[in-house]
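Chemist: Since the structure of chain A is provided, determine the placement of chain B on it from the hints.
These protein sequence lines are chains A and B, in that order.
Each number in this note's numbering comes from the position in the first sequence (counting from 1) with 193 added on.
Each number in this note's numbering comes from the position in the second sequence (counting from 1) with 193 added on.
Some hints here could point you the wrong way.
A pair counts as met if it fits within one copy or between any two copies, since identical chains are not told apart.
Simulated crosslink set (SDA-like; lysine to any residue; CA at most 20 angstroms straight-line) [said to hold, decoys possible]:
#, residue 1, residue 2
1, K364, P532
2, K364, K505
3, K364, D434
4, K433, T204
5, K433, T328
Source of the hints: derived by calculation from the structure; they are not laboratory data.
Number of protein chains: 2
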Amino acid sequence: MPQFAPLQNDTFLRALLRQPTDYTPVWLMRQAGRYLPEYRASRARAGSFLGLAKSPDFATEVTLQPIDRYPLDASILFSDILTVPDAMGLGLYFEEGEGPKFERTVRTEEDVAALRVPDMASLDYVFKAVTQIRTALNGRVPLIGFSGSPWTLACYMVEGQGSREFHTVKKMLYSRPDLMHRVLQTNADAVAQYLNAQIDAGAQAVMIFDSWGGALADGAYQAFSLQYMQKVVAQLQREKDGVRIPAIVFTKGGGLWLDEMADIGADALGLDWTVNLGRARALVGDRVALQGNLDPAILFAAPDQVRTEVEKALASYGTPSAGHGHVFNLGHGISQFTPPESVTAMVEAVHDFSRRQRAA
Amino acid sequence: MPQFAPLQNDTFLRALLRQPTDYTPVWLMRQAGRYLPEYRASRARAGSFLGLAKSPDFATEVTLQPIDRYPLDASILFSDILTVPDAMGLGLYFEEGEGPKFERTVRTEEDVAALRVPDMASLDYVFKAVTQIRTALNGRVPLIGFSGSPWTLACYMVEGQGSREFHTVKKMLYSRPDLMHRVLQTNADAVAQYLNAQIDAGAQAVMIFDSWGGALADGAYQAFSLQYMQKVVAQLQREKDGVRIPAIVFTKGGGLWLDEMADIGADALGLDWTVNLGRARALVGDRVALQGNLDPAILFAAPDQVRTEVEKALASYGTPSAGHGHVFNLGHGISQFTPPESVTAMVEAVHDFSRRQRAA
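One chain only, chain A, in its complex shape:
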């Protein structure tokens, strides 16, 4: 393992661990993305999204672009949430202008029986990227590693692609819960190994993206998504070289289940924009920190309106007190159509207003 430079800005990690901070740290989901002209240039050179994500050099280049442009408080590995099922041999691919797809699906008893936790060596390109990015960051801000949640991976593995209604995977869930649980257990073990290897490679926090947990019915969410995120969190190494590695869990559309999510052992919960930050804070108390939750569509408005909405969100959370923590973020990935100057306004507003809150 290389020796990494000491961390110069630990505001993000402190907020996740509910320790006092001078201001509210901020980063953006999908911050290395198509709204940045420099990203589009890198992608054109790489030829494709997977060309970027599978090359440690390109992944390092684009991960650092938003860090160079904005005073963000965290960086996140540039990768895809579906690397694990790809390594299981399902054949991840992208067609221009569409979401991710798999060449092979997991639907039958035989498909499920053949499913294995992949050899982590096949994901070495990810771990190399993590080490290279951490080295290139040179201690400026912490690096977040991530994966899709067991349920979200299963949605893509069964459907073969994204879906509006998830008929195929839900039919399996209700008709053959035994098969569904076997897929999810394999996914949970694979995701845990994958995140632990990212931590070994240099990730300083990890995040589990449960993009499709919100499509589940109450009851099914707890049994088929939350339970398996808990199994992941339970297997994570939570300390590396004597430093705590915080884990963030984010279920898009999971606002109704925050109380249960707060008890699975994660350090922080991601929130989408339907959640009231103040109410969520009161609900989770000092069990977890919160991360979120501006509607990405707000970034289409003028800078003054962006600032107003940022201040409303920070005021709704209130001033962090002992045992509470807030990391500012969007409630979903930033849109490719966002004007880059909106992000400038947002990041400045978060830093300025949150410092003033603490001074008041």
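Modeler: Chain B alone, transformed into the frame defined by chain A:
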């Protein structure tokens, strides 16, 4: 006004008004739809969806099909949620296999200034259908009238079609809230007039479908969707010929806002499947009845599994007591791919189990 036959089954209306019932009444959103072979035959004869919806004869024919096939406790007008903006002159149309679209959009200051509550005479085909259906029902079950919510209509009017992210309408909301409020006020007045005319024509309950309220951020939902549904409800005639006309409000994805929704004057709230029925009942208390909320995907499972899930939902609500009411439904429209025998299993299970609950 014609004299209608006396109502033989008022279980649905009683449950909405939180009065005791012998069993839990049940109907399905989009119950007259493509999963029924007889519907597909009618649609083939009519030539198109709008051909069905704009003909009182066809609308009557398909509205009664599920009532003839299943022992449902309510019927719902066969129509579209977007008839009002169509009557505003925006030109509703459907392309095969796609959702509704409008020929003209409402985006500029001029577009908004030109917007008017449409002459209800242009919607006469709807009111004729209501009267004809109510007559054909001959008192078997009550007839529900409906409309899209002011916000949901605005989404389609501004975007020109459905959307995943609602960038255009949300940009208007955050950049020009003044324009957005003018559109919504016009929509609220139009929807109120439209529902009142349906009540005059024979509708015995009305439902407001807020399909896209769940896309809004907390705070924006209250200001741009809920407020205008309240304005609709406030203008509704709530009694016709001495009989109470219950109003149901349904925001898909609105589970986090039930407490506020319970106070806008509606008799009942629709729930999607992410909501826990027992918790929702405790939250709203005796302010409103509840309607919902099985995941439509459950109907892809075998009849035994359908029955199990119905029993779990009814057990979660618990036995209705004085001042509480529950109408069983799906949490969203029934899928066109549903096996019709799943509906048989569902309706029988609701009736059987809810009678046993009350007897226990």
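Chemist: Which hints, by number, does the structure contradict?
Modeler: 3
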